[in-house]
Amino acid sequence: MIIYDYLIAPFVEFGFMQRALAGSLLLSLSSCPVGVFLMLRRMSLTGDAMAHAILPGAAVGFLLYGLEIVPMTVGGLVAGVVVAMGAGAVSRFTVQKEDASMAAFYLISLALGVLIVSLRGSSVDLMHVLFGTVLALNDEALRLIASIAGITLLTLAVFWRALIAECLDPLFLRSVSRLGTPVHFVFLGLVVLNLVGGFQALGTLLSVGLMMLPAAAARFWASRVGPMCVLALAIGAASCVAGLLLSYHASLPSGPAIILSAGVVYLFSILSGPRGALRARVRHHRHRTA
Amino acid sequence: MTVLPRLALAMSVITLSALPAAAEPLKVVASFSIIGDLARNVGGDRIALTTLVGPDGDAHVYEPRPADAVAMGKADVVLVNGLHFEGFLKRLVEASGTTAPVVELTKGGEMLKNAEEGHEGDNHAHEGHHHHGEFDPHAWQSVHNAEVYVKNIADAFCAADTAGCASYRANAEAYGAKLKALDAEIKAAIAGIPEEKRTIITSHDAFGYFQHEYGLTFLAPEGVSTEAEASAADVAALIKQIKGDRASAIFVENITNQRLIEQISSETGLKIGGTLYSDALSGADGPAPTYIDMMKFNTKTISGAILGS
Chain A
1 MIIYDYLIAP
11 FVEFGFMQRA
21 LAGSLLLSLS
31 SCPVGVFLML
41 RRMSLTGDAM
51 AHAILPGAAV
61 GFLLYGLEIV
71 PMTVGGLVAG
81 VVVAMGAGAV
91 SRFTVQKEDA
101 SMAAFYLISL
111 ALGVLIVSLR
121 GSSVDLMHVL
131 FGTVLALNDE
141 ALRLIASIAG
151 ITLLTLAVFW
161 RALIAECLDP
171 LFLRSVSRLG
181 TPVHFVFLGL
191 VVLNLVGGFQ
201 ALGTLLSVGL
211 MMLPAAAARF
221 WASRVGPMCV
231 LALAIGAASC
241 VAGLLLSYHA
251 SLPSGPAIIL
261 SAGVVYLFSI
271 LSGPRGALRA
281 RVRHHRHRTA
Chain B
1001 MTVLPRLALA
1011 MSVITLSALP
1021 AAAEPLKVVA
1031 SFSIIGDLAR
1041 NVGGDRIALT
1051 TLVGPDGDAH
1061 VYEPRPADAV
1071 AMGKADVVLV
1081 NGLHFEGFLK
1091 RLVEASGTTA
1101 PVVELTKGGE
1111 MLKNAEEGHE
1121 GDNHAHEGHH
1131 HHGEFDPHAW
1141 QSVHNAEVYV
1151 KNIADAFCAA
1161 DTAGCASYRA
1171 NAEAYGAKLK
1181 ALDAEIKAAI
1191 AGIPEEKRTI
1201 ITSHDAFGYF
1211 QHEYGLTFLA
1221 PEGVSTEAEA
1231 SAADVAALIK
1241 QIKGDRASAI
1251 FVENITNQRL
1261 IEQISSETGL
1271 KIGGTLYSDA
1281 LSGADGPAPT
1291 YIDMMKFNTK
1301 TISGAILGS
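So the protein sequences, as listed, match chains A and B. In terms of my numbering, the numbers along the first sequence are unbroken and rise by one, the last being 290. In terms of my numbering, the numbers along the second sequence are unbroken and rise by one, the last being 1309.
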C-alpha cells in the first residue's frame, strides 16, 4: 500500500492537512474562474497590486482594535474595494488605461498605509500578522473561504453571459445593454473579495498564485471560456494536492510548494498544450509546406 | 593619536565645563527593548536613553524612521545586540553618520552556533532574511549572557563618560547581583520539572540559549527568524511529538502570528500554556516590562503549564 502511504495517509492522519486541503480546494473553486476572467481582461497583475493596496485598511483596523483579525480583514476589504472601484471608474470614464490607474491607486493606498502604521510607531509587521498560512486554517478561516466560494460561484453563474461579453468585447456590451459598467464593478468586487479573503486565510503568494497560474496554464489548452474555467479549476485543485503532499514529504514550505506545482503545469502547458509553443509551431510548419 | 594630547583635551574639557558636563546626561541609543532595560539599570539617571524597537516590536523586520537616525546621529554610545539580530542596523548607522562607538553587547559572551538542536528532519529555508549569521543571536535568553551584556554596557559607558564610571560600575555590580539571584531562581524552578516533561513548543526558535543553559528542549515550526514559512512536514513532526507524549506544553510568543500554534493546539488537544516573551519586552502595564520580569514570567509560565498539565 505504498500509494496509500504516500498519497492518502497524510490527509487521514493529520487534521491540519485535511483543513489545508479543504481550504485550498475551496479557494481554487472560486478564484480560478475569477483568474480566467482577470487574464482575459488583461488584468493579471491586479492581485499583486491588491496585496499592497489593502494596507491602509488593515492598518486602520489595527489602530482601532489592535491585533484582531476580523477588523483588519474588514478594513482590508474596504481599502481593496475603494482602490479597485476607483481604478475601475477612472479607466471607465477617463482616458487613463486600466493598468495605469490601478498602479496609481495602489501606490497611493500603499503610501497611506505605511504612513498610518508609522504614526502608531509600531514595528509589528502588519502584513505578516494579517496574512495567514495554509497550515493554520481554523474554523473561522474555513467558513470565510467557503462563503467567499459560494458568493463567487453564484455571482459568476448569474452574470456569466454579461461577464464574457464584457471581457471579450466591452464596447459591444455597452452598445447592446446598460449592464456593462455595473457588471465590471461586480466583477472587481469579486476579485477583491477573493484576494482579501485569500490573503487572510492562506497568505498573499497562495491566493494570488492560485488565481493566476491555473488560468494562465488553461489558456494553452482551451479556447472557449467555459472549458477554460473548468480546466483552470482542475489544474488549481491538482496543484493544491500535489503541493501539500510535496510539503509533507519533502519538508518544503507549503505555500511555495503549491504555487510551484501550478508553475510546473504552466511550463508544461507552454510546451505541449494544443495552443502552446511546440504544437502551434508544428501546425504552422504544416501550413507552410502544404 | 597618542594618549597625551587626548588626556590634555579631556582635562581642558573638564576644567572648562566641569559643571555643565556633569549635568548633561550621556546620550545612549539602544537597539531594542531588552537592551534598553539593561542600559537603564546600568546608567541610572546619568543617561538619556532612546530605544529604537519598542515593547512588543519585532526587531527582525523593523523599518527605521528618520527620528531613529536623528537619535543615532546625536548619540554618544550606541548599544546593539549584534550577530545579525538587528537587520536594519548597518544601514541606519551609515545613514545617520554617527561618530559614536557602536557596541555589540554579545562580544565576549558564550555564543551558540546556529545549528537547531533537537529538531527532527529540520530543513527550514533560511535564505532571504536577516539571519545569515553563524551564531544564534537570541543570547539574552541565558541570564549568564545578560551578565556579559551588563559588563559590556558598563565598559562602554565608562569609556564615553569617565566622570560617571564609578557610578556605572556600582550600578552594574548591584544589577549583576540581581541577575545572579534570577539565574538561581530559574535553575531552581526548572529543577522542579521532571526530566521527561522538559520538551515544549513555541512558535519560532528564539530560546536556544534558554535550552542550553537551563536544560529544557524547545521545538518550533518556524525557524530562527519570524519570517520563514513552516512546512507541512515540520508541523506534522511537532504533532507527532505531542501525541507521543514527548512534548508537554505549547506556547505563543508576543511578537508572532499565533494561528499556527493555535492550530497545533486544537489538533492535539494540548492547551496553549500562555504567552512567552522572546524578542521584546511587554509594555509597562504588561507582565514583562523589564528583563528580570520577562525571564521570571517566562519561567513561571513554562513551569506552570508543564506541571499543571
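If you're looking for bench data, these hints aren't it; they were derived computationally from the structure. Virtual Cβ for every residue (Gly too), placed ideally from N, Cα, C. Honestly, I wouldn't trust all of these hints.
Stated by the list, open to error - Which residues of chain A face chain B? A partial, calculated answer using Cβ under 10 Å: (1) GLU13; (2) MET17; (3) GLY203; (4) LEU246.
To be verified - Selected chain A positions facing chain B (Cβ under 10 Å, derived; list incomplete): (5) VAL95; (6) LEU205; (7) PRO274.
Verification of the hints:
1. Hint on A:GLU13 holds. Least Cβ distance to chain B is approximately 8 Å, under the 10 Å limit.
2. A cut of 10 Å between beta carbons decides the hint on A:MET17: the least distance to chain B is about 7 Å, and the hint holds.
3. Residue-level restraint check for A:GLY203 holds (minimum Cβ-Cβ distance to chain B is 8 Å; threshold 10 Å).
4. The interface hint given for A:LEU246 holds, since its Cβ lies 9 Å from the closest Cβ of chain B, which is under the 10 Å cut-off.
5. Annotation: interface hint on A:VAL95 violated; nearest CB of chain B at approximately 37 Å, more than 10 Å.
6. Hint on A:LEU205 holds. Least Cβ distance to chain B is approximately 9 Å, under the 10 Å limit.
7. Contact between A:PRO274 and chain B, as hinted, is not supported at the beta carbon level, the nearest pair being about 35 Å apart and thus beyond 10 Å.
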